[in-house]
Each structure stands twice: as C-alpha cells, then as structure tokens.
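Just so you know, the protein sequences line up as chains A and B, in that order.
Okay, so the first sequence: first residue is 1 according to the UniProt record's numbering, each after it adds one.
Okay, so the second sequence: first residue is 1 according to the UniProt record's numbering, each after it adds one.
No lab work stands behind these hints: they were computed from the structure.
Heads up, some of the hints might be wrong.
Pairs count within a copy or across copies, as identical chains cannot be separated in the list.
[Unchecked claim] Result set (SDA-like, lysine to any residue): computed pairs, CA atoms no more than 25 Å apart in a straight line:
id: 1; residue 1: Lys5; residue 2: Glu218
id: 2; residue 1: Lys122; residue 2: His49
id: 3; residue 1: Lys122; residue 2: Phe216
id: 4; residue 1: Lys251; residue 2: Pro160
id: 5; residue 1: Lys5; residue 2: Val182
id: 6; residue 1: Lys63; residue 2: Glu279
id: 7; residue 1: Lys56; residue 2: Gln4
id: 8; residue 1: Lys121; residue 2: Asn228
id: 9; residue 1: Lys63; residue 2: Arg225
id: 10; residue 1: Lys63; residue 2: Asp41
id: 11; residue 1: Lys54; residue 2: Glu274
id: 12; residue 1: Lys63; residue 2: Gln285
id: 13; residue 1: Lys251; residue 2: Asp162
id: 14; residue 1: Lys5; residue 2: Ser197
id: 15; residue 1: Lys121; residue 2: Glu311
id: 16; residue 1: Lys121; residue 2: Asp30
id: 17; residue 1: Lys251; residue 2: Gln4
id: 18; residue 1: Lys122; residue 2: Glu80
id: 19; residue 1: Lys251; residue 2: Ser273
id: 20; residue 1: Lys122; residue 2: Met220
id: 21; residue 1: Lys251; residue 2: Pro118
id: 22; residue 1: Lys63; residue 2: Ser224
id: 23; residue 1: Lys122; residue 2: Glu248
id: 24; residue 1: Lys3; residue 2: Pro58
There are 2 protein chains.
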Amino acid sequence: MEKQKVTAFAPATVANVSCGFDILGFAVEDLGDKVSVSLSDIPGIRVTHIEGDKGKLPYEIEKNTCSVAIRAMTEALNFEGGLEIELYKGLPLGSGMGSSAASAVAALMAANTLLGNPFEKKDLLPFAIESERIACGAGHADNVAPALLGGFVLIREYHPLDVIPLHVPRGLYCTLVHPHLVLNTSDSRSVLRRSVSLQDATTQSGNIAGLVAGLFQEDMALISRSLNDVIAEPSRSVLIPGYDEVKEGIKPAGALGCGISGSGPTIFILSPSEEIAWEVSRLAQQVFDTMQLPIDLYVSAINTRGAYILEEEI
Amino acid sequence: MEKQKVTAFAPATVANVSCGFDILGFAVEDLGDKVSVSLSDIPGIRVTHIEGDKGKLPYEIEKNTCSVAIRAMTEALNFEGGLEIELYKGLPLGSGMGSSAASAVAALMAANTLLGNPFEKKDLLPFAIESERIACGAGHADNVAPALLGGFVLIREYHPLDVIPLHVPRGLYCTLVHPHLVLNTSDSRSVLRRSVSLQDATTQSGNIAGLVAGLFQEDMALISRSLNDVIAEPSRSVLIPGYDEVKEGIKPAGALGCGISGSGPTIFILSPSEEIAWEVSRLAQQVFDTMQLPIDLYVSAINTRGAYILEEEI
C-alpha cells in the first residue's frame, strides 16, 4: 500500500564546537523538530501548517527551509506531484542550535520515505545544504550533517563535499544553555576578523587535531585540553552576557569545556558523565539567575542516530 | 656491572606533514644518526668524535645538539661526572629530515641508558626540545618527538607541552626525495606570511582534522584528500625546483600525497603500499634527472619504534 503521510524527527545540533569552527558539528537527543509530509492530488509543494514558531516562519515555499530542501530533492527526481508539509517546531529560532537545519533535515527524511526512499540517507545532505543557503545566506553543512547523520561530523571540505563521521566516546554528555536573547547569524559572523595570525591558525589546527584524536581514543582529558577556540570565541563571546562566568565555573565542576553553539547565543558544555552535565547546568542557572536573564537548559547524550522516521501513515 | 659505553640510533623524521604545519611529524626507518656516549673519569661533557658531517658540525658543547641535549639532562639530574660523545651522522645536514633532532635524540637515549635510565623515554623530550632551540633558533618538537617516540606524533601545544602519538595505518609507506641543494631553515621560515585568511585557516583545520581521522580509521582515501597545505606550501614550494612536477606526477601513480619535509628541500611522499612508494621514487628520479639536479632517494615504512639502543658495552 502506498504511503500517504510520513512524519520525521531531526535533532538540535551544535555547530562550530569550539576549535572546530566552521568544520565540526554534533547532534543532541530528544530536542528537535518534527515534519510531516503528505501526498496531495494538487501538484506542487505547499507548507500547510506551522506550529511552535510564534508565527515567525514563512509559508512561502521559496523562504521556508522545509520546502526549499524538499524542492531541491524533487527537482533532482523530476517529481512533479503534490506534497504538503506540516512543521512542528521544537527548537527556538535564532538560538544557535541548528533550528533551520533540523526543519530541513526532518522534511527531507519524511519526503524521501514518502517517495519510497529514492535516496540513501547521506545523499540527502546536498538538499539540506541548499536550504541552509536560504536560512543563513551561506550553504553550511555543520548543522545539517550532524542533524541528518548523528554523532560528531567533520566537514573537511565543501567543494566537493567531504563529510566524515567521527567516533563518539562513551559517556560524553552535552549541556545546552540557551539565554533568551536574539543574535542574528550574519551579525555574529560580521564580528569575525577576516584574517588570523599564523600563530593562531597553528594553535587552532593543533586543537582540532587533538579534539579529533581525543574522540577516536575516547581520551576525555585530551578532548578537554583541545576544546579551545582562538579564532571565533574571542570576538563572539563578548556578545553573550554570562559566557565568561559559565566558562570559568564549569571546569572546576568536572566539565571538559564549553563553547558557543553555532553563532550563539546558546552555550554548549561537554562533560564526561551525565551527572556532571547536570551539575554544570545548575551552575549555569545560577550565573544567569544573578543577571536576571531567563534561560532554557537541556542535558543530553550525544545523539548517534541523527534524523529518523516517527510515523508512516498508509 | 656498570655500563661504560652505550650507542643509540634515532631516525630521520618528517615534520610539518603538509596540513600539519608546525604540529605534526612522523619517523622513518633505517635512515638516521648513531651516537655513542661513554663514561669518563674527567668531569664534564665533551664531544670527542664526529663522523659523516663533512667537517661541518661543531665540537663546542654549547653548539653541538648532542651535548646541548645531554647537558640539559645531566643538569636536571645534578650529574657532575664525565661523559664523552661520539656522533656518527647518517643524515645529511640541512636536508629537512630532522638531522639535528636525530643527533640530539640518539644522544639522550644513549646517555639515559648509560646512567641507568633515570628518565622514561617520553620524559627525554624536553631536553631534546632544548637542543632544537640551539639548532633552529626555536624549540620545535615536531622532529624530536617522532624521532624519540616513532609513528605519527601530534604536538598539540608547547606551553605546557602536549605530545599525542597517533595511530599509524598498516601499509603506509614514505618516499623521501632529497635534492642536493641547501635551504636555510630561517630563510625558509621567513617566506611564510605572518597572517593567513580566515578561509585558509579553516581549510587547514579541516584538512588536519581529516588527516587525523584518516590515520585512526586507516582510511587511505581520506588521508589522501586531507594532504593539502594551504599555509606553508604555497610560499615554500617555489624554493624547491621540481616540487610541482613531482606533486603532479605522484597521484596518478597511486600515491596519497606529498609535501615539504620540515622546511625542505626534501620532499616526502606518502603511499598506500611499498610498491607504490618505489614507483613514485622512480618518477621523482626522472623529474630531477631532467633538471640535472642530483638527489638521494629513500623508501621506508613508517617507523613506529622511534629511537632505540644499538649496543651496550660493560
């Protein structure tokens, strides 16, 4: 029996990952977006329902990341039938947790399954990158790749696209601290210097090499020593009140390190156990309570599954 | 019975390793320096014999890398006895194959064994770095660390020193092409730009992350894609006639990639088999024959043993 409607989930993701500026991302569990895609007798792609976005997301198919992604896919297939998209946002917009990526990836997963899986999961990535071009003005993959594939994903190169899943150490946990303030991705990018000293470039290389080695060797101490971003964090962290206080407090509490998730304002903290991940979440709560700035907190293992199908209706 | 004389070997090394500029090195087999250290009744450290250097290396203990390294060690031990050093150079000077590092590391291995192993092997590294400060004007570790420990070694950071042995894939071979021309290390450093674009820094980070992942995953294709240096090679390779021709020819022959060994002029080529490593050595020979520039060629597996003791006399 032909499927009529498929619903998929795609998780929140942390891009940049400190020394992994622009090349590394990872996925978290539970938190994410759901998208349902249905067959329709009316040709064309339509966004019919959006929930959880406080009315902020567009229904125009040229602007909505779900429809942009699905259209890129259906064009590749020469599919000319009708598809209707319902988007259920679980992620806050503009939070730095890969909100637009999660929507696009969930949409692609649902549409691909609905159409009988013409693509392998990993081959959906170029369509998701196309949708990021709309959302961010640049076709980044460091959110969409981990949202799709799960785990830690290295984007070694874009032309041609070279996406490398890395090993995820057992026991690694993430705390996400989302302060209720809005940073615009392009503002956050504009504070970056256009050039860096040879010394800083070398330091960054050493740290990302150490981080990758630490992931493969499950060496938590090495991961911790390597989580140091000398390129983006110094300019971007000043945009996030409380960042320095959180950073200062987490290592004595046993966390491995922290960084700005994507272009912020969410702060991610990596910990070697769930217990410590909760401990540092309480510490972050105290920091932001003092500043009377509301935050959301999430604690999660690293999601090694990526996007998945929730429901198929026939 | 107390030892009277110990002889040690330390191998040639390739530092920088393309995208691993200033942070990565590896060791080769067979090719290297030998150093004998003997107890003497006359207090103090003396260099008594140097062979294979065409008379170019200094006997002054403040200038010879062997004596500088050993003195750093004996000072740490408060050892005030007499030591005599004989150096047998197997490596050409100024070749970019870690000549000074091999001498210093072999000297430290021999002296440490002679004195009853007061230090673990890895703890000799700071003394070797001290000797590099004399030889290169900067205390680099990307030759001495692999010369001592073998394999691929990441120098994540210098202050404090963080040296990380990486996995060596089975079947990985190296070809060294040493053209007979002299480049001065400090000249070779002076051609480097003091700053790099954010884009180049990000590309380099992606490549070193890919190279480290490729080594751990034994993924030869990923290693090959990652062997791309956008920071040092563009300025340094113009100092090495034949470099571009070698680089162009090796990939069609099945090699993984190449780069400048240390600050040159030696070119290293990595291959996925011994057969291909020999094949590309013939290719390099043709390139340099055409230019009538003499070269030395070496083909070797990656040395995973590092420095070792050859002989102990009691």
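field: Alpha-carbon proximity context of Lys63 and Gln285, limit 25 Å
entry: neither (35 Å within a copy, 58 Å between copies)
query: What label fits Lys122 with Met220 when the C-alpha limit is 25 Å: within, between, both, or neither?
result: between (29 Å within a copy, 21 Å between copies)
task: Classify it for me, Lys3 with Pro58: is the Cα-Cα distance of at most 25 Å met within a copy, between copies, both or neither?
output: Cα proximity of Lys3 and Pro58: none, with 27 Å in one copy and 81 Å across.
query: With identical chains treated as interchangeable, where does the CA-CA distance between Lys5 and Glu218 reach 25 Å or less: within a copy, between copies, both, or neither?
result: neither (41 Å within a copy, 42 Å between copies)
Alpha-carbon proximity context of Lys121 and Asn228, limit 25 Å: neither (32 Å within a copy, 29 Å between copies)
- prompt: For Lys63 vs Asp41, is the C-alpha pair at or below 25 Å within one copy, between two copies, both, or neither?
  reply: The answer is within: 23 Å in one copy meets 25 Å, while 85 Å across copies does not.
message: As a check of your reading, is Lys54 near Glu274 (CA-CA no more than 25 Å) within one copy, between copies, both or neither?
response: neither (32 Å within a copy, 63 Å between copies)
message: Within, between, both or neither: how does the pair Lys251, Pro160 come out at a Cα-Cα threshold of 25 Å?
response: between (38 Å within a copy, 18 Å between copies)
task: Measure nothing new, just compare the shortest in-copy and cross-copy C-alpha distances for Lys122 and Phe216 to 25 Å and report within, between, both or neither.
output: Answer is both: 22 Å inside a copy and 22 Å across each meet the 25 Å cutoff.
query: How would you classify Lys5 and Val182 at a CA-CA limit of 25 Å: within, between, both, or neither?
result: neither (34 Å within a copy, 70 Å between copies)
message: At most 25 Å between CA atoms: does that hold for Lys251 and Asp162 within a copy, between copies, both, or neither?
response: So Lys251 and Asp162 pass the 25 Å test across copies only (19 Å; inside, 33 Å).
task: Tell me, please, which holds for Lys63 and Ser224 at an alpha-carbon limit of 25 Å: within, between, both or neither?
output: Neither. Shortest intra-copy (39 Å) and inter-copy (39 Å) distances fail the 25 Å Cα cut-off.
In this structure, the earlier hints numbered 1, 2, 5, 6, 7, 8, 9, 11, 12, 14, 17, 21, 22, 23, 24 are contradicted, and the remaining ones agree with it.
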